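Whole structure, please, built from the sequences with the hints as guidance.
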Amino acid sequence: MRISMDIELKDVPGQMLLALQPLSECKANLITVLHHHQKRTPRKTVPVQLVLETRPESVEIIKAKLEESGVRVVRVGEHRFRESINVVLIGHVVHTGIQDTIDEIDKTGFAEVVDLSLSMPGINLLSSALIKIDAVGKEDLQTALNILKEVSAKKDLLMVLPIDIQA
Amino acid sequence: MKTVCCSILGFGAIGQGVAEVLLMKKEYLESIGLEVKVVAVVDSKGATVNPQGVDLADCLTRKRISGTVALENITGVEVIRSVDHELVIETTPTNIKTGGAGLQNMLAAFQTGKDVITSNKGPLALNYRELVETAKAAGSNFRFEATVGGSMPVINLVNEVLAGNKVKSIKGILNGTCNYILTRMLEERASYTDILAESMQLGIAEADPKYDVEGIDTACKLVILANAIFGLNATYRDVEVTGITKVTPEALEMAYERGHVIKLIGEVSRERIQVAPRLVPINHPLAVGGTLNVASVDTELAGEITVTGKGAGPIETASAILSDLIAIYGN
Chain A
1 MRISMDIELK DVPGQMLLAL QPLSECKANL ITVLHHHQKR TPRKTVPVQL
51 VLETRPESVE IIKAKLEESG VRVVRVGEHR FRESINVVLI GHVVHTGIQD
101 TIDEIDKTGF AEVVDLSLSM PGINLLSSAL IKIDAVGKED LQTALNILKE
151 VSAKKDLLMV LPIDIQA
Chain B
1 MKTVCCSILG FGAIGQGVAE VLLMKKEYLE SIGLEVKVVA VVDSKGATVN
51 PQGVDLADCL TRKRISGTVA LENITGVEVI RSVDHELVIE TTPTNIKTGG
101 AGLQNMLAAF QTGKDVITSN KGPLALNYRE LVETAKAAGS NFRFEATVGG
151 SMPVINLVNE VLAGNKVKSI KGILNGTCNY ILTRMLEERA SYTDILAESM
201 QLGIAEADPK YDVEGIDTAC KLVILANAIF GLNATYRDVE VTGITKVTPE
251 ALEMAYERGH VIKLIGEVSR ERIQVAPRLV PINHPLAVGG TLNVASVDTE
301 LAGEITVTGK GAGPIETASA ILSDLIAIYG N
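Going down the list, the sequences are from chains A and B.
Counting in the numbering used here, the first sequence runs from 1 upward without gaps.
Counting in the numbering used here, the second sequence runs from 1 upward without gaps.
To be clear, the hints were calculated from the coordinates, so they are not data collected in a lab.
Values in this document were obtained by computation on a predicted structure and should not be read as measured data.
Some clues are possibly wrong.
[What the hints assert, rightly or not] Lysine to aspartate or glutamate pairs mimicking DMTMM-like chemistry, simulated, CA-CA at most 20 Å apart:
1. A:Lys132 with B:Glu257
2. A:Lys149 with B:Glu240
3. A:Lys132 with B:Glu253
[Unchecked claim] Distance windows between CB atoms, simulated:
4. B:Lys210 with A:Ala153: 17 to 23 Å
5. B:Asn73 with A:Ala153: 35 to 41 Å
6. B:Glu188 with A:Lys39: 52 to 58 Å
7. B:Arg64 with A:Ile123: 31 to 37 Å
8. A:Gly122 with B:Arg81: 55 to 61 Å
9. B:Arg189 with A:His92: 20 to 26 Å
10. B:Ile32 with A:Glu139: 52 to 58 Å
11. A:Pro121 with B:Thr98: 38 to 44 Å
12. B:Ala163 with A:Asn146: 34 to 40 Å
13. A:Gln142 with B:Ile282: 23 to 29 Å
14. A:Glu57 with B:Glu304: 47 to 53 Å
15. A:Pro121 with B:Gly12: 36 to 42 Å
Every residue gets a Cβ at the ideal spot worked out from N, C-alpha and C, and that includes glycine.
See below:
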C-alpha cells in the first residue's frame, strides 16, 4: 500500500539518515521525500513529508521505530488520489520520449499518469495523446501541470488543458 | 425628430452591412425619433459625399458593379475634417501592426469633436487608452460593441445591463472561423489543412487565415475586453496566444470519447489574458458548434451569464453598430 507520512526532524546533522533507516529495515519503497529545509515547526523541528510503498503490517512497525529514534511522526495516512484530469498533448509525443514525459509526473510521488491513449497517424504527422493524471490534492495537481507545461514547452508539444483548470 | 449626420468610413462587407441595416431600419429609427443621414461613404479608393445625404441604395449598387463608391478622390480623415457631421461609423479593415487608417480616422474624429462607433479591433487592441482619453477630452461618445463577438452583446451587456456587478472573468469562443474548423474536423475526422481549405472555399476563413487560426483575432478581442471591462491598460503584447494549427482530428476524437470537445478559448481576468485550445465538456455552455461565438461572464452578484450568437457576418455586425447608435442618440 502507498502511504504518506509527515514527520519532524531535529535541526541537527544526521537526522535524515536516522529517519530513513527504519524504512530500509522494513523494505519500504521510498517514493518521495519533501524536506522543508526553510520551514520550522513551533517545536523548532524541520517538517518532512514522505510518500512510501510498504506492506500494511509494516506501517505500525515503521512508525514505532521512527519514534524510538526520536523522530516525531505527526501523521500517517493512506495516500489517496482525490483529483483527476485529462490532458491532451499534440506533437511528436512519442519521438520526444513519452516515457520520460510520464516519469516527470510520476516521480513527484503526489501525482501519477494513470491512463494514456495514443494516436500516431503517420511518421511525419503529429501524434496525439490523451493522458489522465491523478493527484493527491488540488495544489499537487497544479504542480504536476506546471511540470507538464515545462516538459511540453521543451518538447514543443501543444498541451490542451480542461477549461476549468488554470493554465 | 433628431437628425444624426454620419459618415461610413470603410465600405467593405461590414460597411455595406451598415448601409443595408440603415435602409432596412429607416422606419423603425424614425419611430423612435431618429433620422440617420449618411453624408459621406468612404472606401480605399475615395468617397461619395453629399451634405444633404447620400443615396445608400445607390452606393451599394455602385460598389457591387464597379468595386468602389468613390466619386471623389478624398480620404476618410479629409471627410472627417471637411464635412459637417457628428458621428463617424468606422468599419475599415483591422490592422494589428499600426492601427491602420482606422486609428487615424478615430483620432481625427475625436479631435473634431465627433462621436465614433466602430467594428475595427486593431486600433483598440493597440491604442485603447489613447483613444478613450482623446474621446473623453473631446466629450465624444466612443462605442465599439461590434469589435467583440459580432452581434453577440458582451461589452454593453456587462457595462450596462449588468452594471454594478464586479466581473471576475470572461471566457469564451470569440472567433467563428476557428470554431467552424474545430467543429468540422471532429465531424469529418478530417485534417486541419483539409477543413481550412473548405472554410476558405465557403468564405468562412480568409485568404490569409493566420489572423484567425493563430489566435490573434481572439487575442485582440480579449485586449478590448480587458480594457473596456476590467479597466486595464493592456495591449496585444500582454496576451499569451496559442492557436489551433496544431490540433489534430485524432486529438479531437480522443477528447470526444471522454466527453470533451476542443475549442479555442479566450480568457480574460484581472490576472491573466490568454488564448489557447482547451478541453470543454460536451454539455458545457461554452461547447457551441459551427461558426457561433459564445461568452461566459462570471460576475460577483449575478453569477455566471452566458451569451451566444453569430460572431461575424455583415448584417450581424451591423446589428451591434445599430444598437450602439441607438444607445447614443435614442431617447
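Hint-by-hint comparison with the structure:
Between the alpha carbons of Lys132 (chain A) and Glu257 (chain B) the distance comes to roughly 13 Å, so the proposed pair stays at or under 20 Å and holds. Using a Cα cut-off of 20 Å, the hinted pair Lys149 (chain A) and Glu240 (chain B) holds, with the two alpha carbons roughly 14 Å apart. Between Lys132 (chain A) and Glu253 (chain B), the direct Cα distance comes to roughly 16 Å. Compliance with the 20 Å bound is thereby established for this hinted pair. The hinted window of 17 to 23 Å between Lys210 (chain B) and Ala153 (chain A) holds, with their beta carbons roughly 22 Å apart.
A hinted range of 35 to 41 Å is violated for the C-beta pair Asn73 (chain B) and Ala153 (chain A), which are about 52 Å apart. A hinted range of 52 to 58 Å holds for the C-beta pair Glu188 (chain B) and Lys39 (chain A), which are about 55 Å apart. Taken as a hint, the range 31 to 37 Å is violated for the pair Arg64 (chain B) and Ile123 (chain A), whose Cβ atoms sit roughly 50 Å apart. About 60 Å separates the C-beta atoms of Gly122 (chain A) and Arg81 (chain B), a value consistent with the hinted range of 55 to 61 Å.
Take Arg189 (chain B) and His92 (chain A): their Cβ atoms lie about 21 Å apart, and the range 20 to 26 Å holds. Between Ile32 (chain B) and Glu139 (chain A) the C-beta distance comes to about 56 Å, which sits within the given range of 52 to 58 Å. Distance hint for Pro121 (chain A) and Thr98 (chain B): a CB-CB separation of about 41 Å, consistent with the stated range 38 to 44 Å. Between Ala163 (chain B) and Asn146 (chain A) the beta carbons are some 38 Å apart, a value that agrees with the proposed interval 34 to 40 Å.
Take Gln142 (chain A) and Ile282 (chain B): their Cβ atoms lie about 25 Å apart, and the range 23 to 29 Å holds. Between Glu57 (chain A) and Glu304 (chain B) the beta carbon distance is about 50 Å. The supplied range of 47 to 53 Å therefore holds. The beta-carbon spacing between Pro121 (chain A) and Gly12 (chain B), approximately 39 Å, falls within the hinted interval of 36 to 42 Å.
This entry does not satisfy hints 5, 7, going by the numbered hints stated previously.
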